[in-house]
Amino acid sequence: MTHSPTTTAVSDPRAVRGVDAWLVIALVAVVAVCVRAIWFTPVDAMLGAAQKIFYVHVPAAIAGLYIACPLMAISSLGYLWIKDERLDRLAESSAEVGLLFMGMVLVTGPIWARTSWGTWWVWEARITATVFLWLMVLGYLVLRGAVETPESRARLSAVMGALAVILVPFVHLTVRLFRGMHPGPVVLKPEAPSLPPEMLTTFLWSNLAFLLLFFVLLRMRYRWSGLRNAVVAMETA
Amino acid sequence: MSADDRHRDRALDPATHHVTPHATHHAPSFVRDALRIARKDLLIEFRTRSAFLAATVFAVLAVAIFRFTWDPTAIPAMDLAPGVLWVIFTFSGLLGLNRSFALELAERAYDGLLASQVSREAIFTGKVLANLVFVAAIQTLALPAVVLFFDLPVGGAWGLLIGIVLLAALGLSAVGTLFAAVAANTRLAELLLPMMTLPFFVPLVIPAAQASAVVLRGLPLSAAMDWFKLLLAFDLMFVFASIVVFPFTIEE
Chain A
1 MTHSPTTTAV
11 SDPRAVRGVD
21 AWLVIALVAV
31 VAVCVRAIWF
41 TPVDAMLGAA
51 QKIFYVHVPA
61 AIAGLYIACP
71 LMAISSLGYL
81 WIKDERLDRL
91 AESSAEVGLL
101 FMGMVLVTGP
111 IWARTSWGTW
121 WVWEARITAT
131 VFLWLMVLGY
141 LVLRGAVETP
151 ESRARLSAVM
161 GALAVILVPF
171 VHLTVRLFRG
181 MHPGPVVLKP
191 EAPSLPPEML
201 TTFLWSNLAF
211 LLLFFVLLRM
221 RYRWSGLRNA
231 VVAMETA
Chain B
238 MSADDRHRDR
248 ALDPATHHVT
258 PHATHHAPSF
268 VRDALRIARK
278 DLLIEFRTRS
288 AFLAATVFAV
298 LAVAIFRFTW
308 DPTAIPAMDL
318 APGVLWVIFT
328 FSGLLGLNRS
338 FALELAERAY
348 DGLLASQVSR
358 EAIFTGKVLA
368 NLVFVAAIQT
378 LALPAVVLFF
388 DLPVGGAWGL
398 LIGIVLLAAL
408 GLSAVGTLFA
418 AVAANTRLAE
428 LLLPMMTLPF
438 FVPLVIPAAQ
448 ASAVVLRGLP
458 LSAAMDWFKL
468 LLAFDLMFVF
478 ASIVVFPFTI
488 EE
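Sequences listed follow chains A and B, in order.
The working numbering puts the first residue of the first sequence at 1, with every later residue one more than the last.
The working numbering puts the first residue of the second sequence at 238, with every later residue one more than the last.
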């Protein structure tokens, strides 16, 4: 198939450099946003200091669930179609970086829930869908690790990624209905427009910072996979 | 009967080496091929019976364990039984699915199957049908076991309950067979199959368990309508999607 070594990735010296300048910028931005959120943003009157976790939780959810997952699924579908090795690497990279961000969502969520709801975990629709999606992406990455040859790894994992495109709306609908029949506590996420201006500014900056971090990590992971494939191609040649 | 048909018969039928006359000559070759693949798989299973016995023993043991870890004074049987039913169906179904492609990969028989004139879609459909029969057979034994051990008042709801079970078994077999084909190419096949399939079974097991609960409680059928629709939609979408993507699991 079209699994030629990616010579562009090797000949590009920037790809080989250890520390990415963009990563430094993104990390500084994330730290700056955290400092701003903790010390320079007012404490929410109703939710207390725990509300500040949303400046990490929501941006991580946007990056992990609404960008990484669709990216993984669509590039898998694209790979099955045109068999371009770069699409496989994009699917792999977004799955791995997405898993990290979804993990952040699943860790910060219970911490907030413990202080606000008095319980670590609630089987609410959005949480339930997130945890199943996280498990699905984890299974996808385990599958990738269990296939030897790059070509069949790309092909088999793309089959799973493509099926995930259909799975996501189903999981969403199922757990929504499931909770619909058994009403429980409802997640009350602060709506952006109803936030005071200072909080809104912090919220928007944190979204930007986390999105930057996400795309920088995605770019690094994508380039790394290119180098790895090139090494494999050289070794087998 | 054409030369093609005779070739198909030899390639697919381990039972008979002589050519048997077929009444289904007018049926489209897709359906005919799929049925032959299913027949072949079931015949192998019927002759060895190893996977079926293992899955049945597992199902009955699981029912017994659930029964003895359950405190009837704390949780009503009706609250627990639908969940137990579907946990057992899901896991005993997985036991059979693993074997679906492993059998043919062992002696490189799979290459022969692919080299025959049967289309990949027909091979897949046949495998799904065989697995559907396998899963349904286990459920035929597990369902009365759960009803008996948990003393469920099924009454006149048997038909509906079996309908739900079959509807879910179809989706389970289609997705499970596809992932069995994927997992067969990996190093960790037995371990990997549940990891890949269980998140996909979520939109199948939740509606099935909910619909069974509605039926067992004797509530009006309209209360389970949303779940039925979801099961049907899952079956339609995933059976179709699995047939479409199955050829990609095969090495060119």
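In case anyone wonders, no lab produced these hints; they're calculated from the structure.
Bear in mind the structure is a predicted one, so any value in this text is a computation, not a measurement.
Heads up, a few of these hints could be off.
Unchecked claim - Stretch-level coverage of chain A by chain B, calculated; a stretch enters the list once three of its residues show a Cβ under 8 angstroms from a Cβ in chain B: (1) 127–137; (2) 151–160; (3) 219–230.
Ideal Cβ positions, reconstructed from N, Cα and C, are used throughout, including at glycine.
Hints, one by one, checked against the model:
no., hint, in the structure
1, 127–137, "holds (count 4)"
2, 151–160, "holds (count 6)"
3, 219–230, "violated (count 0)"
The structure is inconsistent with hint 3 alone, although it conforms to all the rest.
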